[in-house]
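A.B. asks: Protein chains in written order, with the numbering used here: chain A, 2 to 285; chain B, -13 to 321; chain C, 2 to 238; chain D, 4 to 401.
These are computed hints drawn from the structure, not numbers from a lab. Be aware that a few hints might be false.
Stated by the list, open to error - In silico DSS-like links for lysine-lysine, alpha-carbon gap of 25 Å or less:
#1 C:K109 x B:K320
#2 B:K320 x B:K196
#3 D:K182 x D:K383
#4 B:K320 x B:K5
#5 B:K110 x A:K277
#6 D:K182 x A:K110
#7 C:K109 x B:K196
#8 B:K305 x B:K5
#9 B:K110 x B:K196
#10 B:K305 x B:K110
#11 B:K305 x B:K196
#12 A:K277 x B:K320
#13 B:K305 x B:K320
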Amino acid sequence: MIDFASIISQTLFATSILIVAALGLAIIFGMMGVINLAHGALITVGAYVAYAVTNAGLSIWAAFLVAPVVVALVGLVMERTVINRLYDRPVDTLLATWGFALVIQELIKVIFGTSAQSVPNPYSAPVEIMGANLPQYRIFLTALAAGLLVVTYVTFKYTDFGVKSRAVIQNDEMAGLLGTDVRSIYMWTFMIGAGLAGLAGAAVAPIVGADPRTGLGYLVQSFFVVIVGGTGQLLAGTLGGSGLIGGSAAALSFVSSQTFAQTVVFALAIVVIRLKPEGLFGGT
Amino acid sequence: MSYIDRTKVAFGDASGSTKVILTGAVIGFLLPAVLSPYFAFLAAQYYLFALLALSLGLLWGYVGILSFGQAAFFGLGAYIMAWSFQYMFVPGINPAYVALVLAPLVNGAIAGVLGLFLFYSDVKDVYFVIITLALSVILEQLAVSVTSIFGGFNGIYLPRMAVSIPGVFNYQLSNDRLFYYVTLLALVGGYLVCRRIVRSDFGETLLAIKENEARTKSLGYNTARYKTLVFMVAGALAGVAGALYATLAQFVSPPVTGFVLSTEVVIWVAVGGRGLLLGAITGGILINAASTVLSSLVADRYILILGLIFIAVVVAFRKGVVGYVADRYDWGEKL
Amino acid sequence: MSAILRTVDLVKEFDGVVATDHLNYEMPEGEIQCIIGPNGAGKTTFFNLITGVLTPDSGQIYFDGDDVTGEDIHEIAQRGMVRKYQTPSVYDEMSVRRNIHIAFGEDKPADAEARLTEILDLIELRDRVDEQAGTLDHGTKQWLEIGMVLANGPRLVLLDEPTAGMTTDETMRTADLITSINEQEETSIIAIEHDIEFVRRLSSPVTVLHQGSVLAQGPVEEIEENEEVQNVYLGSG
Amino acid sequence: MTALTGCLGGGGGGSSGPVRVGVLSPLSGAWTVYGEAHRRGFELAMQEVNDNGGINGRDVEVIVEDTQTDPSTVTEKAQKVIRQDNVDVVAGTFSSASRNAAAPVVTQEDKVLLYPTFYEGQDQENFPGTCNDLLFMFGIVPSQQAAPWMDYMTSEHGSNFYMVGSDYVWPRFTNQRVKQSLEELGGNVVGEEYIPLGTSDFGSVLSRISNSDADIVFGTLTGTDTIAFAKQFYSRGLNEEFTYWTVDDEEFATQGKGPQAARGTYVSFDYFQTIDTDLNNQFVDKVKSQYGEDAGMDTVGAAMYNAGHMFANAANEVGSVNTDDIISGLEGQSFTGPQGEVTMREQDHQMVLPSYLVQVPDDWSDTNDFEGMFEIVDQKESVTPATANCDFPLGKGN
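Pulled out of the complex, with its shape left as it was, chain A reads as follows:
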């Protein structure tokens, strides 16, 4: 018998992990149009910051504050040294960020060594809901995903910075003429995106651990989430995209092998991109 409570909870959990993992990319790639192939590496840095913080005796919650700041700074270094020269050259941005991904991955090995590091899980026992005992940490992750979505949506929709950021992204010359400091808006938006990737790293570390390739697993999936969901549609796009890519793969794996499920979902994503290039929720 297929136990629906598990399917629903798993689909929800898989979706929320991808929301957290892809949100930073939804800003840097979805909104700014910067193809950031270092997104996975930034997640890895977040995971290692979580390791360093918890290893120093502090709690994982402290890591949730430290990781975004540290990775935002890494994003700042990337943006100031290279990315801001390439805003009008999308292909070169893509290549440069892939270069950064390699450099970051190797620097982590230099600093932390090659072996996988462990990050403790704050919760020990699962909790029983609807007859299925569910891990508390995954429930927390779902709440975190929802919270992050709302916060980023509100930030970019209503706050002064958010409005300016979207204006700059849509037409940086015009915004520049109207007196917005375009360069600093780009910098801050990129840093927020990187910070969110860092937070994602810290968030997944307790259930995945930290090793030099942790973030790489999320790279292609995150891009699919943003593209399939629809660039420029922060809330609906990320939610929809994560649901399709993460959720459906989890649900499908109840009826088929996980390898088959993942292959089918990837193929499905490619078909969606082909039929609706602007994404499910994007476009006019």
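Once you've looked at the hints, dock chains B, C and D against the given chain A.
C.D. replies: Frame of chain A; chains B, C and D shown alone:
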């Protein structure tokens, strides 16, 4: 003027690319005399990686399509060679010949289907990068788990190919110096095919598409068809390179189709020179030779060095090595 | 004389904004016509619709009697409707010669060399044939693009503000160029233009577009007197 | 042009000058974490050999090459060490795929390959690259690693098995062997799943496990996947409900899991750093003094250590380092390794090894404490592996 003068004159004012490919071919031809079998094996391997890089160089340099999935075609070519030995598709005929015909055909067909599916829509070029990246991830995953067909994680064995004329002679190329010439032939042949394409009206249209696709469409060109055709040629070239690589290494396993090799090819072409066929070839040889040397010296720091070089080239040295040379000396046609 | 181009009740909307509102237009073969109208009147959208860049929400487009609604850009172009873009759209990194050679289209004319010289004379670029297109000044680039459109063997030429950014002298010479093209090459020509002097010089019938549909049509003199047109241009519109 | 600055082939080899050994380790890429112990085990053995006279009076020179966890690099590096550095024997490669990539090179050049990693065993029909006279297998096979403990585990914890493995050859064949024993013991398989390599979210398979009436979850996941699985297994409280027994998670994987997620897990291998014998304690002390306090050892490192010594013994006993002598010297040789008495079975070159069943104790807390990481539950002095599915006598080549 005697024959020699004429060649001198012709050589003197030949375009940069002609000079380079001629000297390259001559040096390449004489090289095995000084190379030990090991270095002949290495050079053969570099030539095949250069042929793979050439397939991306043609796509990216001449029609502006950046594919992150050329390794998928390379790997498929390798598996076709392995299957050809395993299943002897056409009994009685040298399985390597069968594979060297099948690999480009099958890859071309698959590239054609992909092209029809992706180019005949307004999928943005950038999305094409992500899709081709995903395709090489999918193929690698299938190759690992579908053990019955792909031999799975442990891979498939195949012997070194033989050069043969049925009934006349059959000589197995276990001597690496001999196999070296097969790969040199494949690389120079591949280059001449690309050169032929690029210098034709078809090639001129490709450059037009790369520079201004809207204008080219409104002059009556079905740009999607051109992009699909050149994508098929690139797939075929990568397939031949993969097929020869399989019988050179005598072993095929999933990473040969996968994500890591796909991203490395892009680095080779970007550093070598993304705008020129010879740039891609140089990148394919130069970076692989450097990685052999560097990885023996600094083992795991080599990727860090490569990453830094790659960023520097992309930001400040966009034309790449050969591109830079072509600018400084009158290179003539961009080949 | 059959119509080279006819549109029937063409409608195109962009999230609520009606860009083309049941536009009916007919262009007899062999003629030169101008289209004028204030900014946002839907002139370029009209060109985008008939060249297949945009597909209309409703209505039909007939080219030389065939219904081409919804056809691909290159299919319509192959039929002989060739467009010059508002901002000059040439291959900057290629020589003038190569620009024209590409513009000949997929099946190059047999006497390509002769045809090339003919066009170069027409657009007065004979002595700069091997220069890079990108190095040409704005006005010359416009003429190069006109030459390219010509090289494509068009039956209907669409010119989107061909004299934008030109001096009055250049504008007048462009008008004469268009007239001679029409006569020598027997191609019909539709030009979108703001410069009334240019329209007067062509002395061709004019269609005034306003809010996505035809406001008025007729010879230049009549249109200039037409009150509705005046207050559309001058008044609130 | 870019003519390759080739240089002439390396000279040397033969009986004068040092004995040269090539070591192929994954020092970059996905398996790097195993690469270090893999290389250290062999280097340590060679140091000890050099300290007491080397081989036939000749010093041993070790040439290490990074295989970048990529089979095509293995082919290149195997060629290099053999044809350029003229090594007398090759030790290493980590995954079965990399061993298979090296096999044609050693076969063509007629050199012995000493393979250290735990693997699926030799089977001519099902997977190529084994049944080769030039290959010597120092790693444990499923019939030694899992089969000996089926009795104990089923009697202690119940006989309903839920099998979770990575989707490739080694997990599938290990499970096949375990299912054989399970049948004999009247147990049954309530679930069997293979997860693609590189998966990080195990939510759905874990929910299927928690809904199953399994007693033992038998793990053959590998790499970073096994770490993610264990952490999520813990976060769902499944370690209270089920017994988790894995045949992949040696010292470094368990270090990656961390105490919280690893507590209570059963692991079975031929070697653990926690083995408390004089020989192993000396071995571990040497590793720490040479490579630092936090350096650890695992089954693969120990196998490389044994391979080094047994190669030296063979060469010294037979008096030469040419391939056929090394083969005859290795076949049937017994040696006292850090894990105890081991013997290289003559017929199929598979090592007869002890087998240890360990459990992660509740009081393990420091991730660098490799001794306290495991507690020995039971051990078997020497387990004879199932005979390889090959035609005997082994021929050279695959």
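A.B. asks: Of all the hints numbered above, which does this structure not satisfy? Sort the numbers upward.
C.D. replies: 6, 12
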